[in-house]
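With the hints as a guide, dock the two chains, each given alone in a separate frame, to form the complex.
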Amino acid sequence: MEWLRISTSTELVRVATDEIVYVRADGNYSDLVLTNGKSRKMTFQLHFFDEVFQQLQNNMFARVGRSLIVNKRYIHVINLTEQILIFSGQQIKGDIKPVNVSRDALKQLKELLENEKGVDNG
Amino acid sequence: MDELNMQKPEVPIIIIERDEQPQPKESVTKVVAPSRNGKWLKRFLVLVAIGCLMVAALAGYHFWDYYCNIGVPVSTTPEQNIEKLQLPVKQETPEVVMTSDSVLGVAMDFYAIHGLKASIQFEEPDTADTSVYLYCRCADHTADGNYLGSLVAEGTEKQSDRSRLGYMAMADGRMVIGISRSDKVKDYVLERGGSFFRQFILVSNGVIPAPFYLHGKVERRAIGRIGNQLYFIATRHKETLWDFADALREYGFIDAIYITGGADYVFYRSKDDARHDIGESKEYPQKKWQGIVPWLVFRK
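Those protein sequences? They're chains A and B, same order as listed. Taken in order, the first sequence gives residues 1 to 122; the numbers are from the working numbering. Taken in order, the second sequence gives residues 1 to 300; the numbers are from the working numbering.
Just chain B, with the same shape it has in the complex (with noise of 0.2 Å):
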């Protein structure tokens, strides 16, 4: 037994011998155990599936984080916000209707847009342009002239890229502010000559997206939606991205989408078309990236 116990277990040959077949030939069964080379490979095989399944499982969650989740609810789909560039225009008496507020500290003026037409141009307006109510800057550009999601301006195509989830598109006189990261609203206003741009979210149906890159302190713009009418908003001092975003929320904006360019000077005009300065006019017109600067220009 001692001896036996040193062995390691074989793999022994058993044969099933019948004798009374009617067959002359014994039937052979032969039992042999998988080789270790076998024994290796199985493992190895079952490693890969097991890698492939992470890895496929690892691909689902970044398509699934990309292409699904934004972060934060979503107020408006893109195929309303189609059905609403689609709606007839509605007849208003032109014109920026200015207030002021202060919510959790940040002073802010609303420029309330009512029957004007909304385009991107690269040009920016002629103060003595009466057609022009009110201004902005809209999308990012970098130092050479690469601009930050998508842009589309009076029906040509600048940039696609959806790093960006806020959007504001205009076609046919009218414009909607939303936040997706599909093309669909872009492709429409592509097609109807319209223009469209996309910016950070500030707000997405009464809600603050989680980070906010931007730290620092500066006067802050933004174009917000509470109900169906739409908003300029700025800040009248410096604030952080986050403390604007809180006050838009708190205010009651629906939506709203970051304005860059926040100390630019820019102007609206009144119902009686007086013109008026928001920021400082000495910087009027802006001297740096002339022509690729896009501007979102409000004209009745």
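The following block holds chain A by itself, in its conformation from the complex (with noise of 0.2 Å):
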């Protein structure tokens, strides 16, 4: 298990990765938004939390396009007709409304899941 303690020149906000269910760019700011379905704006832009997702250990964060940063274990759909992400699982207990990507970002999202290797049961 692994937490981000994030420290600003106002607050310090301390937040678990698997709680994280994505990270979307607001111009200069970042919205965290976790499995609660609460959104926090943090007061800095969102390549930090590209640089530190880097760093994890099991890094589930996958880059969607400029403006978006996604937990891949909570990605339900990928529509690429409606350009939409929508979201679940089970660790998600508060309302995570569908996110609108370009279609070119989810291709790339796609193709990325779709190549990773998955866990073999047989």
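Worth flagging that the hints you see were computed from the coordinates, not collected in a lab. Bear in mind the structure is a predicted one, so any value in this text is a computation, not a measurement. The reader is advised that the hints may include incorrect statements.
[Unchecked claim] Cβ-Cβ distance ranges computed for the label pairs, FRET-style: (1) B/ASP19 with A/VAL77: 30 to 36 Å; (2) B/ARG18 with A/SER9: 24 to 30 Å; (3) B/ALA56 with A/SER88: 57 to 63 Å; (4) A/SER9 with B/GLU17: 50 to 56 Å; (5) A/GLN83 with B/ASP19: 34 to 40 Å; (6) B/LEU58 with A/GLN83: 47 to 53 Å; (7) A/GLY89 with B/GLU17: 55 to 61 Å; (8) A/LEU80 with B/CYS68: 54 to 60 Å; (9) A/ARG40 with B/ARG18: 18 to 24 Å; (10) B/ASP65 with A/LYS110: 53 to 59 Å; (11) B/GLU17 with A/VAL77: 28 to 34 Å; (12) B/ALA56 with A/LYS110: 43 to 49 Å.
Note that the Cβ used here is the ideal one computed from N, Cα and C, for glycine as well.
In structure tokens form, the structure reads like this:
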């Protein structure tokens, strides 16, 4: 289990990486969306998350386009036609609304997940 | 939100905590944005790199332009001219055959040089010297006696200057003209005790170079080549350099280089040893620049 301890000039946020569903850029800030359905506005840019996620031992996060980082374990549907990403999972307790993402970014995410090795249960 | 929007983006400190690690200490990863100074340093280095690339490109262009680009096609390479100088001397009756023609409105006398040996000397030939079949001036010089363009006289180098690209080389009884910035032919001639001078290009491989900086109308002279036959050419009237070069090209000269002193007195000798004046004989001997003017002398 890994946690992020995020310290800014005005607050300290501590969050388990498993609880992060996605992080979305909002101008110079970032919206951190958690499994409980709550969203937290972080006063720094998205790339700081991207950099720290790469340091995780079990990095489940994937960059989707310029403005989104998603936790792959909560991806439920990638719909290229409607250009939306739907999240679901046992840990998700709150209401996580689908996210609109560009078609190209979704296509890349789809290919990434398709090419990942699955667990052989046979 | 409004209050948040008023803030500038921050640089957070994000630490990864691992509670199931065998190590008692937590693993810490700090994410720190590049400092403002670092950012400017990076930009400065990029600018310096771009500047260096531009300087290198400019230097490369100048190198190419100075050492490779003559601006006209070249008929004979220095190596080929050296080979020509190494060939055995063709046995011919020594003579200068004069013909006249008018091309593109430019009246010219052509002096075909047969069976003669050329050299450069600083004393004007005596009109009574029957060994001299033709002579003329060759390299230019400044008022203080410095030669413009390389000059080698009888194995002695008087000047090394590649500012003029046409050249004439003489060694071992043979002579060639050519167009090159290379000093290979000059070095060969120097070793062999021959003579060499540089002058403006008038025609190179049947093409006239684009710019001519001398626009006045005076009598013009040149040394040119049609096939392997060398000619001394003199205009009968005052001509611009471009008109003269164009007439030479039209007449069929492959290569031609300028000869200074268009109005100077010189002479040529016909087969019967009779002397024929070119220019005003009252100008003989030349009083100015005695001992400095290099004379291109053709002897039997």
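Hints and how they fare:
1. B/ASP19 with A/VAL77: 30 to 36 Å: holds, 32 Å
2. B/ARG18 with A/SER9: 24 to 30 Å: For B/ARG18 and A/SER9 the Cβ distance comes to about 26 Å; the hint holds.
3. B/ALA56 with A/SER88: 57 to 63 Å: Hint holds: Cβ distance 58 Å, inside 57 to 63 Å.
4. A/SER9 with B/GLU17: 50 to 56 Å: For B/GLU17 against A/SER9, whose Cβ atoms are near 21 Å apart, the range 50 to 56 Å is violated.
5. A/GLN83 with B/ASP19: 34 to 40 Å: About 38 Å separates the Cβ atoms of A/GLN83 and B/ASP19, which means 34 to 40 Å holds.
6. B/LEU58 with A/GLN83: 47 to 53 Å: holds, 50 Å
7. A/GLY89 with B/GLU17: 55 to 61 Å: violated, 22 Å
8. A/LEU80 with B/CYS68: 54 to 60 Å: holds, 57 Å
9. A/ARG40 with B/ARG18: 18 to 24 Å: holds, 22 Å
10. B/ASP65 with A/LYS110: 53 to 59 Å: holds, 55 Å
11. B/GLU17 with A/VAL77: 28 to 34 Å: Once the Cβ atoms are compared, 32 Å apart, the range 28 to 34 Å for A/VAL77 and B/GLU17 holds.
12. B/ALA56 with A/LYS110: 43 to 49 Å: holds, 46 Å
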